[in-house]
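Protein chains in written order, with the working numbering: chain A, 12 to 352; chain B, 12 to 352; chain C, 12 to 352.
Hints were generated in silico from the structure; no laboratory data involved. In this text, a Cβ means the ideal position worked out from N, Cα and C, and glycines have one as well. Be careful, since some hints might not be right.
[Stated by the list, open to error] Going by beta-carbon spacing under 7 Å, a handful of chain B positions derived as facing chain A:
| no. | residue |
| --- | --- |
| 1 | I41 |
| 2 | L53 |
| 3 | A54 |
| 4 | Y85 |
| 5 | T89 |
| 6 | V92 |
| 7 | V222 |
| 8 | L322 |
Next come the chains, spelled out residue by residue.
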Amino acid sequence: MKNTSFAAIALAAFATSATAQTSVTVYGAIDAGIAKVTDKTLAVTKRDANKLGFRGTEDLGNGLKALFQIEMRYEPDTGTVESGSRPLFQGQTRVGLQGDFGMLRIGRGVTAVQDAKDAFDPFNGISGTPGFKGDVEVAGYTSQPLDPAGSSNDRFNNAVWYNSPVMGGFALNVTAGTKEANGGAAITGLGSSAAPQYPANAEASANPFSVAGTYKLGMMAAMLGYERNAIETKLLHAGVSVNPMPELKLMATYARQDQGHTKAVNPDTKGWLVGANYTVGAGRVLFGYGQKTPDGAVKTKQASLGYEYNLSKRTFLYADVSDKKAATSVKYYGVGVHHNF
Amino acid sequence: MKNTSFAAIALAAFATSATAQTSVTVYGAIDAGIAKVTDKTLAVTKRDANKLGFRGTEDLGNGLKALFQIEMRYEPDTGTVESGSRPLFQGQTRVGLQGDFGMLRIGRGVTAVQDAKDAFDPFNGISGTPGFKGDVEVAGYTSQPLDPAGSSNDRFNNAVWYNSPVMGGFALNVTAGTKEANGGAAITGLGSSAAPQYPANAEASANPFSVAGTYKLGMMAAMLGYERNAIETKLLHAGVSVNPMPELKLMATYARQDQGHTKAVNPDTKGWLVGANYTVGAGRVLFGYGQKTPDGAVKTKQASLGYEYNLSKRTFLYADVSDKKAATSVKYYGVGVHHNF
Amino acid sequence: MKNTSFAAIALAAFATSATAQTSVTVYGAIDAGIAKVTDKTLAVTKRDANKLGFRGTEDLGNGLKALFQIEMRYEPDTGTVESGSRPLFQGQTRVGLQGDFGMLRIGRGVTAVQDAKDAFDPFNGISGTPGFKGDVEVAGYTSQPLDPAGSSNDRFNNAVWYNSPVMGGFALNVTAGTKEANGGAAITGLGSSAAPQYPANAEASANPFSVAGTYKLGMMAAMLGYERNAIETKLLHAGVSVNPMPELKLMATYARQDQGHTKAVNPDTKGWLVGANYTVGAGRVLFGYGQKTPDGAVKTKQASLGYEYNLSKRTFLYADVSDKKAATSVKYYGVGVHHNF
Numbered sequence: 012m013k014n015t016s017f018a019a020i021a022l023a024a025f026a027t028s029a030t031a032q033t034s035v036t037v038y039g040a041i042d043a044g045i046a047k048v049t050d051k052t053l054a055v056t057k058r059d060a061n062k063l064g065f066r067g068t069e070d071l072g073n074g075l076k077a078l079f080q081i082e083m084r085y086e087p088d089t090g091t092v093e094s095g096s097r098p099l100f101q102g103q104t105r106v107g108l109q110g111d112f113g114m115l116r117i118g119r120g121v122t123a124v125q126d127a128k129d130a131f132d133p134f135n136g137i138s139g140t141p142g143f144k145g146d147v148e149v150a151g152y153t154s155q156p157l158d159p160a161g162s163s164n165d166r167f168n169n170a171v172w173y174n175s176p177v178m179g180g181f182a183l184n185v186t187a188g189t190k191e192a193n194g195g196a197a198i199t200g201l202g203s204s205a206a207p208q209y210p211a212n213a214e215a216s217a218n219p220f221s222v223a224g225t226y227k228l229g230m231m232a233a234m235l236g237y238e239r240n241a242i243e244t245k246l247l248h249a250g251v252s253v254n255p256m257p258e259l260k261l262m263a264t265y266a267r268q269d270q271g272h273t274k275a276v277n278p279d280t281k282g283w284l285v286g287a288n289y290t291v292g293a294g295r296v297l298f299g300y301g302q303k304t305p306d307g308a309v310k311t312k313q314a315s316l317g318y319e320y321n322l323s324k325r326t327f328l329y330a331d332v333s334d335k336k337a338a339t340s341v342k343y344y345g346v347g348v349h350h351n352f
Numbered sequence: 012m013k014n015t016s017f018a019a020i021a022l023a024a025f026a027t028s029a030t031a032q033t034s035v036t037v038y039g040a041i042d043a044g045i046a047k048v049t050d051k052t053l054a055v056t057k058r059d060a061n062k063l064g065f066r067g068t069e070d071l072g073n074g075l076k077a078l079f080q081i082e083m084r085y086e087p088d089t090g091t092v093e094s095g096s097r098p099l100f101q102g103q104t105r106v107g108l109q110g111d112f113g114m115l116r117i118g119r120g121v122t123a124v125q126d127a128k129d130a131f132d133p134f135n136g137i138s139g140t141p142g143f144k145g146d147v148e149v150a151g152y153t154s155q156p157l158d159p160a161g162s163s164n165d166r167f168n169n170a171v172w173y174n175s176p177v178m179g180g181f182a183l184n185v186t187a188g189t190k191e192a193n194g195g196a197a198i199t200g201l202g203s204s205a206a207p208q209y210p211a212n213a214e215a216s217a218n219p220f221s222v223a224g225t226y227k228l229g230m231m232a233a234m235l236g237y238e239r240n241a242i243e244t245k246l247l248h249a250g251v252s253v254n255p256m257p258e259l260k261l262m263a264t265y266a267r268q269d270q271g272h273t274k275a276v277n278p279d280t281k282g283w284l285v286g287a288n289y290t291v292g293a294g295r296v297l298f299g300y301g302q303k304t305p306d307g308a309v310k311t312k313q314a315s316l317g318y319e320y321n322l323s324k325r326t327f328l329y330a331d332v333s334d335k336k337a338a339t340s341v342k343y344y345g346v347g348v349h350h351n352f
Numbered sequence: 012m013k014n015t016s017f018a019a020i021a022l023a024a025f026a027t028s029a030t031a032q033t034s035v036t037v038y039g040a041i042d043a044g045i046a047k048v049t050d051k052t053l054a055v056t057k058r059d060a061n062k063l064g065f066r067g068t069e070d071l072g073n074g075l076k077a078l079f080q081i082e083m084r085y086e087p088d089t090g091t092v093e094s095g096s097r098p099l100f101q102g103q104t105r106v107g108l109q110g111d112f113g114m115l116r117i118g119r120g121v122t123a124v125q126d127a128k129d130a131f132d133p134f135n136g137i138s139g140t141p142g143f144k145g146d147v148e149v150a151g152y153t154s155q156p157l158d159p160a161g162s163s164n165d166r167f168n169n170a171v172w173y174n175s176p177v178m179g180g181f182a183l184n185v186t187a188g189t190k191e192a193n194g195g196a197a198i199t200g201l202g203s204s205a206a207p208q209y210p211a212n213a214e215a216s217a218n219p220f221s222v223a224g225t226y227k228l229g230m231m232a233a234m235l236g237y238e239r240n241a242i243e244t245k246l247l248h249a250g251v252s253v254n255p256m257p258e259l260k261l262m263a264t265y266a267r268q269d270q271g272h273t274k275a276v277n278p279d280t281k282g283w284l285v286g287a288n289y290t291v292g293a294g295r296v297l298f299g300y301g302q303k304t305p306d307g308a309v310k311t312k313q314a315s316l317g318y319e320y321n322l323s324k325r326t327f328l329y330a331d332v333s334d335k336k337a338a339t340s341v342k343y344y345g346v347g348v349h350h351n352f
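From just these sequences and the hints, can you work out the full model?
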């Protein structure tokens with residue numbers, strides 16, 4: 012609530028605020044390596060998303076906090092924003108309040124389901140080729156079908172997030188979006204090219220939402236999620252993990268996508284993924300195997316093996332091999348470095 | 012003035028400079044809410060501009076300071092730069108010196124007139140629908156007519172700013188721009204489509220400038236400003252405010268725009284705005300009513316009522332209603348949160 | 012290596028990390044002034060690149076460090092990214108390790124040759140009109156010919172950097188790039204418009220690389236570099252400098268570009284540059300003269316004289332005059348301010 016007298020405005024704009032200095036944390040990650048993919052030239056690439064973010068919390072008293080987080084994404088091999096075309100703050104732009112009631116935020120970010128699933132992914136939800144995110148793991152589902160090409164698969168624009176407190180190991184996370192148009196291309200769906208089901212820059216036909224429940228008990232954890240996007244594709248996602256010993260984590264997910272609202276035939280796609288993480292000294296072995304089975308189309312099968320070696324709590328080296336069999340099959344070999352700051 | 016020996020360059024680039032750490036303040040604001048506008052779907056939107064800025068001052072001795080400020084703008088509901096198309100540092104990019112003589116800056120920013128007027132706006136110059144900025148309050152005037160579509164209304168590119176010190180309550184602010192072309196679309200004006208008065212990527216036909224005088228005496232404040240843009244549209248802007256008691260501020264502005272250089276008929280537009288702010292405990296009520304009267308065209312009439320509730324000095328919740336009658340009339344209802352960091 | 016349990020993810024994302032706060036240095040530069048160039052209107056412009064960067068180092072023990080640096084570029088007169096079209100992090104995006112072995116980095120940045128040459132440039136490699144960078148000094152050579160229009164002249168995408176430690180005054184810097192396509196326009200070269208030698212979005216025909224050796228002994232320094240870009244244009248670059256007295260630095264460079272891989276006739280261009288820096292009190296005089304001689308085409312001759320006056324270690328004022336004779340000749344007069352933060 013600014014209420015400055017007019018004479019003070021210009022000069023005050025330059026006052027170096029001591030409080031401002033302590034209210035923002037600058038953070039991020041840079042991940043770059045070298046990879047060889049079948050039939051492609053050797054490339055400098057990334058394994059995980061590259062981030063530059065700004066976040067902070069403000070104590071409002073009575074256990075209430077204001078909080079914000081805005082996060083850029085970028086490509087370390089070319090210096091552009093993520094994929095060369097994504098929004099500047101592709102990571103997230105959210106502001107909200109946190110208290111005994113949980114956390115309520117508004118803006119743009121990863122949906123409740125897509126956020127919860129990474130803990131059951133043996134490759135931690137990395138976006139690079141050896142990971143399972145966005146394809147096998149979620150049965151090819153995309154959260155933003157009416158956004159412009161180049162948008163990411165796992166976010167909602169124009170949405171509200173509620174994260175419940177953890178109660179007896181159980182937590183509930185909900186994301187609800189508006190029907191606002193976001194400038195995407197037309198989707199033919201059950202219509203025709205002349206009269207597409209969703210014309211260019213269409214509004215959602217129903218409010219998109221995403222609900223995820225998570226549960227943790229001792230060495231066991233589980234999630235169950237359900238999401239409906241702007242063109243009424245539905246996604247059911249379940250995950251479970253167990254740590255039979257401290258250094259070993261086993262995990263599995265199952266996803267089912269229903270495109271019945273836009274596809275007359277073969278609307279269902281199923282995906283499943285099993286995997287393990289095994290810690291040895293400063294290193295960790297990652298293994299995953301999954302399949303995606305679209306109705307009446309060729310299966311995707313992917314196996315990935317990775318190794319991460321911690322140089323510190325913030326920096327690790329990695330090496331991955333991955334084999335993906337689909338309409339086009341690819342083998343992947345990559346090494347690199349990941350540095351959090 | 013860098014003068015490093017060649018052998019030290021590569022390594023020095025990575026030296027973590029302690030002085031650098033203290034010379035930049037990272038600051039900003041995030042403002043997001045939910046709004047309903049007549050005939051539009053419920054939307055996640057903003058009420059005020061969203062900022063991520065970097066600024067600092069350096070003491071040069073003898074009362075002289077160097078200062079800079081660069082400020083990004085973004086959309087919290089989609090993560091893009093402001094409006095999806097504005098310059099990365101839409102807020103401002105200025106560097107300069109400050110001393111007994113006042114403040115002299117160069118770069119890009121809000122003009123002297125547009126900067127001074129916000130203190131006389133009952134909605135503090137917010138850019139959202141309930142505000143009066145850029146339309147009613149300034150009679151529809153735009154400071155950057157030769158810039159590409161999507162540029163903002165109230166800035167000069169390629170300009171110099173001088174802010175005088177406050178002398179006996181009086182201050183003078185001046186902005187002067189070059190005639191440089193900025194890549195805008197053609198403006199037909201008094202020409203024809205075949206030979207527009209300002210072709211695409213035209214230079215200014217006269218140097219744009221903006222002058223604002225402000226005066227403060229006890230409970231009373233006033234401003235008088237005059238601005239001429241790159242296509243020689245002129246804007247006269249006057250404002251006055253009074254605080255009859257500490258919790259009440261009354262204010263009024265009058266603006267007159269003369270487009271005689273590019274319009275043969277009906278070149279004049281007038282705008283006026285009256286309003287009040289009333290502080291009650293941690294809350295503040297905002298009210299404004301204004302009209303814009305273009306020669307020979309339909310009037311715009313707007314009434315807005317807002318309420319801001321401070322959760323802290325940096326965070327407040329708000330609720331607004333607004334009714335705008337024009338060629339197309341809209342009613343607006345919105346609630347949200349504003350967090351400064 | 013993130014391994015957080017699922018229940019903690021959402022809340023932990025907002026924990027203000029004390030370590031993060033100290034691991035990033037925000038730095039930059041803002042440089043703006045006023046300049047007049049022959050046949051152009053008076054303009055607000057820059058003399059040197061404008062930067063906003065984020066960097067840090069992490070001590071890994073045993074003399075090993077992790078380091079990263081990501082750097083935006085922008086235009087202070089319009090608020091856009093550099094040139095209005097360059098990548099967001101145009102400056103650099105690199106991550107790597109540093110130890111007794113030297114420094115190894117991966118990402119995008121200035122090549123070894125282009126990085127080493129600035130120390131032999133009397134105008135310190137500034138990008139503005141009075142400088143010699145990118146034209147006379149490097150014989151018109153460009154490091155990124157297959158990148159989209161608007162890319163800079165002196166960087167490699169998709170590359171690895173090695174900087175040796177300084178041994179007896181000698182250091183070796185190497186940059187090696189992949190053949191990856193980067194979305195550039197077609198280059199006709201020795202082909203035809205119908206069948207260009209490098210079609211649009213072509214891969215490199217050989218791995219680009221850049222090698223520079225630098226040597227420093229007492230008051231003398233020298234460099235010798237060789238670079239081959241993605242279309243196999245070769246650049247030889249040599250430089251020498253001497254400080255006969257502490258306040259005087261004399262320098263000279265020689266460059267030879269061989270475009271034999273894409274030009275059938277007149278493939279060679281030579282460039283040379285001599286200059287001096289002279290420190291007087293808080294000021295410094297800069298002088299340079301150079302020529303670029305392309306086979307069978309008109310020569311470019313440029314003389315530049317500059318003066319920098321230090322207001323502090325971080326801020327200086329400058330004034331330059333420059334005279335460039337080529338196919339189109341221009342005279343340049345400029346003044347401005349440069350502020351490092």
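Hint by hint, here is what the structure shows:
Checking I41 (chain B) against chain A: minimum C-beta separation of about 4 Å stays under 7 Å; hint holds. For L53 (chain B), the interface hint holds, the least distance from its beta-carbon to any beta-carbon of chain A being 5 Å, beneath 7 Å. Contact between A54 (chain B) and chain A, as hinted, is supported at the beta carbon level, the nearest pair being about 5 Å apart and thus within 7 Å. The restraint placing Y85 (chain B) at the interface with chain A holds, with a minimum CB-CB distance near 6 Å, inside the 7 Å limit.
Here the hint on T89 (chain B) is kept, as its CB sits about 5 Å from the closest CB of chain A, short of 7 Å. Restraint check, V92 (chain B) versus chain A: the minimum CB separation of about 5 Å is within 7 Å; hint holds. Because the smallest distance between the Cβ of V222 (chain B) and any Cβ of chain A comes to about 14 Å, over 7 Å, the interface hint for this residue is violated. Using the Cβ-Cβ criterion of 7 Å, the hint placing L322 (chain B) at the interface with chain A is satisfied: the shortest such distance is roughly 5 Å.
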